[in-house]
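Undergrad: Sequence:
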Amino acid sequence: MTRPRSDSDFELDEMVGYLIRVSQQVHYSLWNSASSVSDLTSPQFAVLHTLAHEQPLDQTTLGERASLDRTTLAAIVTRLSKRGLVTRTRDTEDARRNLVVMTDAGRKVHDVAACGAFEINEKFLLSVSDEDRKVLVRVLNQIIATHREDEDRA
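To convert, take the position in the sequence shown, counting from 1, and add 13; that gives the numbering used here.
Hints listed in this document are in silico derivations from the structure and should not be mistaken for laboratory results. Ideal placement from N, C-alpha and C gives every residue a C-beta, glycine not left out. One or more of the hints may lead you astray.
[Said to hold, decoys possible] Result set (DSSO-like, lysine-lysine): computed pairs, CA atoms no more than 27 Å apart in a straight line:
| id | residue 1 | residue 2 |
| --- | --- | --- |
| 1 | 121 | 136 |
| 2 | 136 | 95 |
| 3 | 147 | 136 |
[To be verified] Ranges between beta-carbon positions, derived for each pair:
| id | residue 1 | residue 2 | range |
| --- | --- | --- | --- |
| 4 | 56 | 149 | 15 to 25 Å |
| 5 | 106 | 32 | 13 to 23 Å |
| 6 | 31 | 105 | 40 to 50 Å |
| 7 | 23 | 149 | 19 to 29 Å |
| 8 | 138 | 48 | 15 to 25 Å |
| 9 | 74 | 33 | 40 to 50 Å |
| 10 | 106 | 142 | 19 to 29 Å |
| 11 | 40 | 83 | 21 to 31 Å |
Kindly generate the complete structure, drawing on both the sequences and the hints.
TA: This is the structure:
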């Protein structure tokens, strides 16, 4: 893509940030209309899904794996804990750390939501070929990795 001649000499539908934002709006709408995940936000699901694959995790590691900042993660863990979906306890080896574990109730909610999340993903990418899906995922992961490396260096 060539640089525009002026600040207004480009189309929005060629701007990746704009397209990602609009795509996120579509995904958000699909997520909120799905009955199987409607009682979880997408970030809450990310926390449960991360714990479904590895636990216990300290909150710092959980936040990194779920791509959530400390403040957002703390609020999510508090909400999930109040619902009985996770427990948070002090690490016996390092009292400065909280360990988060998914409860049996959390596992049940996760398992139902995981099926819903898969269905949402399929609806979201309905018109995208398998080959293009792989390219899309690879490119998005490449962009994310590049900017995470930049943040780590800063």
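Undergrad: Hint by hint, say whether it matches the structure.
TA: Tested hints:
Distance restraint check for residue 121 and residue 136: the Cα-Cα separation of roughly 23 Å lies within the 27 Å cut-off, and the hinted pair is therefore satisfied. Among the hinted pairs, residue 136 with residue 95 is inconsistent with the structure: their alpha-carbon atoms are about 31 Å apart, more than 27 Å. For a cut-off of 27 Å, the pair hint linking residue 147 to residue 136 stands: about 16 Å separates their Cα positions. At roughly 21 Å, the beta-carbon separation of residue 56 and residue 149 lies within the given 15 to 25 Å, and the hint holds.
Between residue 106 and residue 32 the C-beta distance comes to about 46 Å, which lies outside the given range of 13 to 23 Å. Between residue 31 and residue 105 the beta carbon distance is about 49 Å. The supplied range of 40 to 50 Å therefore holds. Under the hint 19 to 29 Å, the C-beta atoms of residue 23 and residue 149, about 22 Å apart, fit the expected range. Hint check: residue 138 to residue 48, Cβ distance near 20 Å, so the stated range 15 to 25 Å holds.
Judged by the Cβ atoms, the range 40 to 50 Å given for residue 74 and residue 33 is violated: they are separated by roughly 26 Å. The beta-carbon spacing between residue 106 and residue 142, approximately 49 Å, falls outside the hinted interval of 19 to 29 Å. Remark: the range hint 21 to 31 Å for residue 40 to residue 83 is upheld by a beta-carbon distance near 25 Å.
Hint compliance for this structure: hints 2, 5, 9, 10 are broken, all remaining hints hold.
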